[in-house]
Amino acid sequence: MSNAILVEELQKRFGSNTALAGVDLAVPEGSVLGLLGPNGAGKTTVVRILTTLLQPDAGRAEVAGIDVLREPDRVRSLIGLTGQYAAVDEYLTGFENLEMVGRLYRLGKRESRERAGELLERFDLADAANRPAKTYSGGMRRRLDIAASLIARPRVLFLDEPTTGLDPRSRLGMWEFIADLAGGGTTILLTTQYLEEADRLADGMVVIDRGRVIARGTADELKAQVGGQRLEFAVTDAGALPAMVELLRPLAVDEPHVDEQARRLSIPVSGGAEVLAEALRRLDGHTADIFDVGLRRPDLDDVFLALTGHAAEDDPAAADKTPAEPVPVGGTR
Amino acid sequence: MTSLSETLSDSVVITKRNLIKVKRVPDLIVFATLSPIMFVVLFRYVFGGAIGGLPPGISYAEFLLPGIFAQTVVFGSTITGASIADDLQKGLIDRFRSLPMSRSAVLVGRTVADAGLNVISIAVMALTGLLVGWRINSSLGEAIGGFLVLLVFAYAISWLMAMVGLLVRTPEVVQNASFIVIFPITFIANTFVPLETFPAVLRTFAEWNPVSSVTLAARELFGNVPPGYPEPEAWSLQNPVLYTLLWTALILAVFVPVSVRLYKRTASR
Chain A
1 MSNAILVEEL QKRFGSNTAL AGVDLAVPEG SVLGLLGPNG AGKTTVVRIL
51 TTLLQPDAGR AEVAGIDVLR EPDRVRSLIG LTGQYAAVDE YLTGFENLEM
101 VGRLYRLGKR ESRERAGELL ERFDLADAAN RPAKTYSGGM RRRLDIAASL
151 IARPRVLFLD EPTTGLDPRS RLGMWEFIAD LAGGGTTILL TTQYLEEADR
201 LADGMVVIDR GRVIARGTAD ELKAQVGGQR LEFAVTDAGA LPAMVELLRP
251 LAVDEPHVDE QARRLSIPVS GGAEVLAEAL RRLDGHTADI FDVGLRRPDL
301 DDVFLALTGH AAEDDPAAAD KTPAEPVPVG GTR
Chain B
1 MTSLSETLSD SVVITKRNLI KVKRVPDLIV FATLSPIMFV VLFRYVFGGA
51 IGGLPPGISY AEFLLPGIFA QTVVFGSTIT GASIADDLQK GLIDRFRSLP
101 MSRSAVLVGR TVADAGLNVI SIAVMALTGL LVGWRINSSL GEAIGGFLVL
151 LVFAYAISWL MAMVGLLVRT PEVVQNASFI VIFPITFIAN TFVPLETFPA
201 VLRTFAEWNP VSSVTLAARE LFGNVPPGYP EPEAWSLQNP VLYTLLWTAL
251 ILAVFVPVSV RLYKRTASR
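The listed protein sequences derive, respectively, from chains A and B. In terms of our numbering, the first sequence opens at residue 1 and continues consecutively. In terms of our numbering, the second sequence opens at residue 1 and continues consecutively.
Since the hints were derived computationally from the structure, they do not count as laboratory data. Note that the coordinates shown come from a computational prediction; the quantities given were computed from them, not determined experimentally. A few of these clues could be false.
Stated by the list, open to error - Derived lysine-lysine pairs resembling DSS-like cross-links, with alpha carbons at most 27 Å apart:
1) B/264 to A/223
2) B/90 to A/134
3) A/109 to B/16
4) A/134 to B/23
Unchecked claim - Chain A is faced by these chain B residues, among others (derived, beta-carbon under 7 Å):
5) 17
6) 19
7) 20
8) 21
9) 94
10) 95
11) 99
12) 256
13) 257
Even for Gly, the Cβ is constructed at its ideal location relative to N, Cα and C.
Model the full assembly from the supplied sequences, consistent with the hints where possible.
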């Protein structure tokens, strides 16, 4: 199967700040790639280069087999972009927004109008079609934005953090739309800081941090890399956490993770229910503080923590640890 | 590359989009016309009696209106900068730049729509002027020429403001910054008072200020300069239409390519 997106050794600096320090990506036609990383990791820079908005300093980028740097115009007619902010004209109605974008894709008046009607229907916006987008909710604007990027039936769709800022219900709705699109054969590059989102939608994932790829593979491959289980506690008083860590440390196979603000404790362990039973025995006397206990498989947050030394939604500037070396995960390259 | 006809049709789509906003936000028109009406009435009746130095045979209303026209259309053009900055901030420019459309259409469509707004405010001001004693004393052709000179000069200023909008990126800052620059430029001119009363340095600046030449060009073309009015000393004011058109051409020659180039590389942050 050929690649709809191919990126080699992509580099970009902004002044003294290295946004991309050599990124490679390959997205097979018809698949969904989740590009994961914290704020400032370089996800948006990758999207901007691939959508012709930004010139890289070095490296190669191809979309649908066309060189993005040499023939940006041809690339533009084959892609759709939904950026981080819903780029809709708030004074135009939903219909007018879509019609305008259709015309600018050079679809012609009739086809633009037909497509606008179809997409408004499909994205549950038909009732609001003739209202200015100003009156739309955040979720409706995002849907209109995605509809606009789909109007010319792009072969490759770029979704830059499509659910950031949405309430949980709108997020679930958006996931259904994206899954639906992917099912229809559109190649999608999706950036997100929500690991659950990538887990739900993406076939393959690439994790970047500070402009470098630090891991790639499927969700299961990434989880297998972290391995083991997580013993998790939620407590009513954060003051109890240090003592608990000390009591449980002998059971840990890796450094326990304490989140004082959320009053949570996560301990990597190996073994199953017997570890849980042992842990509770050791905590005898502290159980009054505990209101939730669980044993679970690692999720992508754990993957991120293990790979980068900081949590996915941390501010990268606040993390002072050096970035981890790239870890090959037998992925989809 | 896009062909000329594609650039034109893209520009029409963008112009239409910008004019829809004018239709949906009537406040825009109200404020674009209210302040010039206020200026016309204030200057005509508050300062009109006190401003001297006018040659016999001309009323202050006739002297004033072309000046107000010039000031208003120049201010009207600053909206281009604020609107472009707004589009940048909202991510719309990113969207347009990712589309296979002409690279100049967004700016052409913006400046043309803003010229349309200027047409509306000039019409409102002209009507108000007629009510307070302003008259056109020339032929229809000359009068149309007067309006065209004003609009063409303002159109060029729109391109300058487009560049400012692409550089400054914050609509409020564009608005305030342009006010600080443009307010004195439209006042240190023959817009509201005759230049004869200015101190020497200011007078030289005012004589070569294109706002003076566009104002005088309009006055001459509307027939608001009475016969026997002393011939100005500066070349710029002896040939106000030519001097204004030279400025217009210069501004367009510089700022159209600069703005389009900036647009191609710009990106919201």
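Taking the hints in turn, this is what the structure says about them:
With a CA separation close to 42 Å, the supplied pair residue 264 of chain B and residue 223 of chain A exceeds the 27 Å bound. Among the hinted pairs, residue 90 of chain B with residue 134 of chain A is consistent with the structure: their alpha-carbon atoms are about 12 Å apart, no more than 27 Å. Proximity of residue 109 of chain A to residue 16 of chain B is assessed by CA-CA distance (about 14 Å); at most 27 Å being required, the pair is judged to hold. Distance check on the hinted pair: residue 134 of chain A and residue 23 of chain B sit about 14 Å apart at the alpha-carbon level, within 27 Å; holds.
Nearest Cβ of chain A to the Cβ of residue 17 of chain B: about 6 Å, under the 7 Å cut. The hint holds. Taking 7 Å as the C-beta cut-off, the interface hint given for residue 19 of chain B is violated, the closest approach to chain A being about 10 Å. Checking residue 20 of chain B against chain A: minimum C-beta separation of about 6 Å stays under 7 Å; hint holds. Interface restraint check: residue 21 of chain B against chain A, minimum CB-CB distance 4 Å, threshold 7 Å, status holds.
Contact between residue 94 of chain B and chain A, as hinted, is supported at the beta carbon level, the nearest pair being about 5 Å apart and thus within 7 Å. Satisfaction of the interface hint for residue 95 of chain B is found here, the shortest Cβ-Cβ separation to chain A being roughly 4 Å, below the 7 Å cut-off. Checking residue 99 of chain B against chain A by beta carbon gives a least distance of about 5 Å; that is within 7 Å, so the hint holds. The closest approach between the C-beta of residue 256 of chain B and any C-beta of chain A is roughly 21 Å, which is over the 7 Å cut-off, so the hint fails.
Taking 7 Å as the C-beta contact cut-off toward chain A, the hint placing residue 257 of chain B at the interface is violated, the least distance being around 19 Å.
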